[in-house]
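Just so we're aligned, residue 1 is where the sequence shown starts under this note's numbering, counting upward by one.
Simulated from the structure, these hints should not be mistaken for laboratory data.
Distance windows between CB atoms, simulated:
hint, residue 1, residue 2, range
1, M271, F232, 54 to 60 Å
2, E251, E157, 20 to 26 Å
3, Y309, D173, 35 to 41 Å
4, M1, Q98, 19 to 25 Å
Taking lysine-lysine and the BS3-like style, the derived pairs with C-alpha atoms no more than 30 Å apart in a straight line are:
hint, residue 1, residue 2
5, K177, K236
6, K313, K257
7, K257, K311
8, K236, K187
For each residue, glycine too, the CB sits at the ideal point set by N, CA and C.
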Amino acid sequence: MLHVYDIEKGVLRERDVAELTPGTSDAASWIDLVDASDEEREQLQHLFRQNLPESDDVEEIEASARFFHDEYGLHVHSLFVYQAEGRHRTSTVAFVLQPGRLLTFRDSRLPDFRLMRLRVRRGWVQAQAPLDILLSILEQKVENMADSLEDIHRNLEEVSYLVLEDEEAELEDGIEKLAHLEDSNGKIRLCLMDTQRSISFIQRYVRTDKDRRRTCSEIQHDLDTLMSHATFLFEKINFLMDSTQGFINIEQNQIIKIFSIAAVVFLPPTMIASIYGMNFDVMPELQWAFGYPAVLGLMILSGIAPYWYFKRKGWL
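Generate the whole structure from the sequences, applying the supplied hints.
Structure, rendered in structure tokens:
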């Protein structure tokens with residue numbers, strides 16, 4: 001799928017893909033390639049006379065492979081976070097910044113780009129050059145990650161109530177939710193770190209451009225703030241995880257304690273019953289008229305005695 005945009009009077013506008021021809025391709029300021037077919041890749045390679053990055057190249061994590069400059073332009077491969085099947089996932093987007101054009105290549109339909117497209121249709125995206133489009137996408141990415149961290153914080157408050165205050169809660173459910181939140185927070189932290197690297201690389205490119213350097217600094221400041229918040233969430237998740245496991249251990253210890261006390265309480269009666277269950281010929285109590293009720297009373301008394309002792313000590 002192809003999306004084509006150009007800049008008209010300082011505002012980004014979407015164009016019809018059918019208008020993208022060898023004669024009009026120079027007017028396109030941003031071309032967004034989504035899960036491209038072989039035909040679409042060949043069409044772009046024919047229009048711009050350059051090889052497009054493959055999926056394996058886009059997923060390279062080494063800094064030298066993700067951020068570089070060559071004869072085709074400035075290359076930035078950046079991670080984006082999105083939700084699929086109720087879980088956060090990451091996908092890499094390849095940006096190729098050329099003197100008059102921005103090319104983006106991605107395999108996933110990312111919410112950041114859907115929102116960017118909606119803002120373009122409403123005329124909210126201002127740009128003077130393709131670099132402004134790239135910075136606007138990264139700004140949108142940072143805003144969405146901030147919203148995702150707020151959602152995690154909100155869900156974490158609910159889990160915190162479930163673990164620390166709800167006496168009837170199933171703590172195993174709390175562990176499952178915490179593991180899910182930790183996974184989401186980890187993926188967002190990874191994207192934040194990757195975006196920091198992307199902005200640092202772009203800052204070297206706009207070293208002499210005061211306005212865009214200031215925009216990069218503002219994005220970097222927002223990233224630093226979000227990284228601190230993500231670290232706080234990580235620590236809180238670990239605290240709640242440790243607390244949940246501690247409460248589960250306490251509950252298990254209470255169960256073991258009950259079984260241990262029950263075993264001690266029933267041990268003396270069991271011993272007395274075992275003694276009088278022996279088959280010796282000479283047992284004086286066997287001929288005693290009150291032997292049976294006396295032994296029953298002794299068994300009851302031997303069971304009550306340890307229970308009373310534990311109760312007095314406060315162990316029950």
